[in-house]
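Student: Each chain, letter by letter, is given below.
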Amino acid sequence: MTAVINLLARKEAWGSFLLLFVVLAVWEWLPGAMGVPVFIVAPPSRVWAEFMRLLDVERLFLHTAITFFQVMVGFVLGSLLGMVVGYTLGLSKTAEFVLSPYILALQIAPKVAFAPLFVMWFGFNVYPKILVAVLIVFFPILINVLGAMRTLDGAMVNLARSFSASKLQIFWKIQFPASMPALFSGLRIGSTLAVIGVVVGEMVGGNNGLGYLLVFGEGQANTPMVFVAILLLTFIGIVIYGLVVLLENRVLHYLPRAATTEKST
Amino acid sequence: MSDRIRLAFETVTKRFDHPRNGGLIVAIQGVDIRIADGERVALIGPSGCGKSTLLNLASGLDFPSEGRVRVDGVEVSGPNRQVAFMLQKDLLLPWRSILENVCFGQEIRGMSRAERRDKALAQLNRFRIADFAEAYPHQLSGGMRQRAALARTMMMDPDVLLLDEPFSALDAQTKLVLQADLARTLTESRKTSFLITHDLDEAVTLSDRVLVMSKRPGRIVREIIVDLPHRDEPLQRRRLPETARYTGELMNLLDIGHAELV
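First to last, the sequence lines map onto chains R and X. Residue 155 is where the first sequence starts when you use our numbering, and the numbers rise one by one after that. Residue 6 is where the second sequence starts when you use our numbering, and the numbers rise one by one after that.
Nothing false has been slipped in among the hints.
Pulled from the structure, derived: some chain X residues nowhere near chain R, Cβ distances all over 12 Å: (1) F21; (2) D77; (3) A119; (4) D136; (5) S173; (6) D186; (7) R189; (8) D213; (9) I230; (10) D237; (11) R244.
Here are the computed lysine-lysine pairs in the BS3-like style, where the Cα-Cα straight-line distance is at most 30 Å: (12) R:K321 to R:K247; (13) X:K220 to X:K180; (14) R:K247 to X:K94; (15) X:K94 to X:K180; (16) R:K321 to X:K94; (17) X:K124 to R:K321.
Rough simulated footprint, nothing fancy, chain R against chain X, three-plus residues with beta-carbon under 8 Å: (18) 60 to 71; (19) 107 to 113.
Hints were generated in silico from the structure; no laboratory data involved. A virtual CB, placed ideally from N, CA and C, is assigned to each residue, including glycine.
Could you put together the complete structure from these sequences and hints?
Tutor: Here is the structure:
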């Protein structure tokens with residue numbers, strides 16, 4: 155709360171608000187003035203009206219909640235999986251050597267292309283969406299964790315070894331905490347990707363969620379509805395990204411402030 | 006100082022696989038060093054002569070290809086409680102407060118939380134950084150960080166301190182202060198020390214004996230007994246005209262001034 159108040163005290167923040175206001179105004183009036191039809195660009199007033207209508211008759215809250223739930227579950231599971239595999243590969247040179255070509259291949263494959271396959275396997279339920287999210291979140295976490303394990307200063311490990319630390323102690327007291335900054339940059343990326351994974355899953359097959367509303371709105375040429383879905387998806391992304399940043403600020407509190415991003419004070 | 010040998014390298018040779026051509030690199034060859042209890046020995050030599058290899062062998066992180074390393078007469082077979090090292094890099098863990106960093110070694114060794122906290126605070130007091138117990142490493146200057154590293158090393162209460170260019174990253178004035186702190190600490194605690202350094206003044210002012218190593222493969226080519234007063238006060242010893250004579254001799258031995266090897 156104080157952070158928000160501090161933010162409001164800054165001149166730049168007011169500049170930001172002013173910009174938002176200008177953009178909304180231009181969005182509202184300019185397309186109409188230039189003769190662009192509403193089904194191409196829906197002005198904010200129409201988007202707002204559609205938002206209220208969807209809340210009322212299309213169970214918009216439920217769709218949003220379902221998408222949010224799938225994104226959260228997919229993000230958490232994908233992150234855990236990425237961490238487990240990342241740390242395992244980081245600890246075992248053999249495992250990394252054996253598995254890295256396949257992991258590379260899978261990393262290059264466009265993950266969202268798996269969505270139809272998962273729908274065929276699991277049907278029109280939450281699983282294919284969560285699975286696409288897991289798959290897409292997995293890689294940035296894995297790559298960042300593995301990178302951190304590889305680039306760790308060997309002298310730090312030697313220091314622990316000189317105190318007769320066990321492998322387990324070296325992991326929990328040196329390697330794991332040392333990987334935190336890299337893990338969190340992976341989580342930041344993963345949190346935005348999770349939304350993409352779930353939306354694609356919903357667009358491919360399903361009858362609920364914001365991705366479904368996107369396709370449904372498109373079918374009806376209901377541009378305001380598409381805008382509402384896009385805005386809510388962005389909102390979900392912001393919420394999850396914000397949660398990651400909050401957690402990061404707690405965990406990485408020991409880092410010099412200048413090194414963490416988007417600190418206003 | 007007693008006659009008891011704390012740390013001994015007995016004709017130690019260490020070879021490494023060459024990282025590229027598949028051959029062998031002889032890092033050190035036939036090195037014989039015996040350091041008595043309470044003695045302070047410095048080792049100097051050109052870059053890459055295998056000085057740090059000796060330190061890894063003494064701390065049990067690596068093993069000789071030939072010969073033996075003994076600590077208190079027992080062959081070193083792995084990390085042990087009798088030795089502790091300190092490097093040029095402070096190696097403070099950035100996610101731990103200074104107090105937690107000083108506790109780190111004893112935490113691994115299983116000392117109880119209360120006991121290690123008390124002991125760590127005593128060490129922090131000794132090195133005059135108790136005010137920074139709760140600070141994180143990035144908040145400290147290089148000199149204070151190195152003090153914390155020294156406190157962490159002393160916290161292990163080793164018989165032998167292995168010091169690998171511990172002050173070489175510090176500015177000249179901070180270095181002098183820390184050298185004085187180290188000398189005082191070694192005297193108070195009656196520790197044996199083995200100091201690897203590039204700094205000839207440091208070698209002379211902090212040691213009873215200076216060993217000179219050749220370029221690779223590293224051999225001990227000369228031993229100089231430092232027969233100077235002010236053993237515990239390196240700042241005083243530095244002012245003596247004889248100190249310059251010793252460093253001059255070391256410069257000649259290392260061929261400084263007309264050689265490409267340093």
